[in-house]
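The number in the working numbering is simply the position in the sequence shown, starting from 1, with 75 added.
Rather than coming from a laboratory, the hints here were simulated on the basis of the structure.
Using N, Cα and C, we set each Cβ at its ideal position, and we do this for glycine too.
Treat the hints with care, since some could be wrong.
Said to hold, decoys possible - Derived Cβ-Cβ restraints for the label pairs, each shown as a range:
hint: 1; residue 1: A460; residue 2: K503; range: 26 to 32 Å
hint: 2; residue 1: K143; residue 2: A190; range: 48 to 54 Å
hint: 3; residue 1: G486; residue 2: E199; range: 51 to 57 Å
hint: 4; residue 1: G486; residue 2: W233; range: 37 to 43 Å
hint: 5; residue 1: G504; residue 2: Y214; range: 41 to 47 Å
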Amino acid sequence: MIGTRKALVAFSGAFGLAWLLELFLAAPLTGDSLWILRQQSLYITGILSIAFMSLSMFLAARPVWLEKPLGGLDRMYALHKQSSIWAIIMAAAHWLSKLASGPIRDLIGTENRPARDIVLYGMESLRGIAKDMGEWTLYLMLGMLVLSLWKLFPYRPWRLLHRSMPVLYLVLVFHTIALSPMRYWLQPLGVMLLVMMILGSWAALRALSNSIGKQKKHQGMVQSVTQHDDLVEVQCKVDSNWQHHAGQFALVTFDAKEGSHPFTISSACMPGTGLVSFHIKALGDYTSTLANSVQPGQTVTIEGPYGCFNTQDADDRYEQVWVAGGIGLTPFLAMLQQRQQYATDTRTPVHMHYCTRDAAQDALLPTLQQLCVEDGHVELTLHDAACKQRFSAQQLPTSSAFQVWFCGPKGLRSALKAGIESLQLRCKGFHHEMFDMR
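Using the sequences plus the hints, can you model the full thing?
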């Protein structure tokens, strides 16, 4: 599995090396050093910006073949988000490099300013409009970045604004083609840029035609809706060829105007039935209304399944430790149900830790306890915050190697990983989902 940070470093490094190779092969640079620095800064920031934006756009198309190498759609979206942020940062640096011409002109004049590079045939007359369109697109992208990072901004208007990104991206492709030096297209750098822009443009056109994820969409109907305090259990029935692994999630659309939301599947796959369940906690402006807005008999679109959070590839040499916090219990409910489909003597021993705010008010706890008893090979340890029972890395195995499957709050995950590292425990794998998909 490729880490998000490593992937971005490798990606930017490849384009940086290609840019350096182009400089090495090009004719010697002439002109004042400040003007040369400004010119090359303009180029490298523009190159990295369109490269990152192309990567982000391509990942938004949810290419299935990339899901496993990246560790699941959740990590693909994390890479999409980070590459978008870096694309906008580089675009801002590109814009600042452009503005630097004024101070440099005032400081040393323009006598030794490098000559303007030759662009592709027919593009010289479009230079002005390409510059203006690129600048206005940058302003729009900066605004979208602020709204994306501002968690209080409502999801529905954010989603509508986000749908404009393919158009903005295609504008930047035109900006790049019109203003890039012609010699770039004869070098590895130009080939790399062209490949990424083709992939990004393909993804942008798929987004504009609403074709993303189309082959993985299943139409169905809501079978039942059960309210448990701040938790809603929704059971749906889709076509009978639906298949999923316990621990996966789906993009669920109850309302076309609202769009899809990612929810973990809380039931094991029952081949041939098309039944799939979700336990949804009221955590936001949309999920808090589901108990009243979703009704049995209404249509639902389920796209998926997605994700690689499962124990199918677990190494039998190591003990399995499951850690669930709050609504993060849902994938483990599906895993426990799936284990019941196996013979008792083939079930791997598991030590499960469940962290809950108040066990007395926890609607899912009785179901969890029953499943663990029926399994016979799952040791359940309850951590009830209402009784001051806190979970920490000190409660993990100290004498044997183990693997962790975690689903819960980000703060708990960070504390647990830090504790494992500080205690130097023999953790041979820490599996978790990344559900911040905005």
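When the hints from earlier in the document are held up against this structure, which numbers fail? 4
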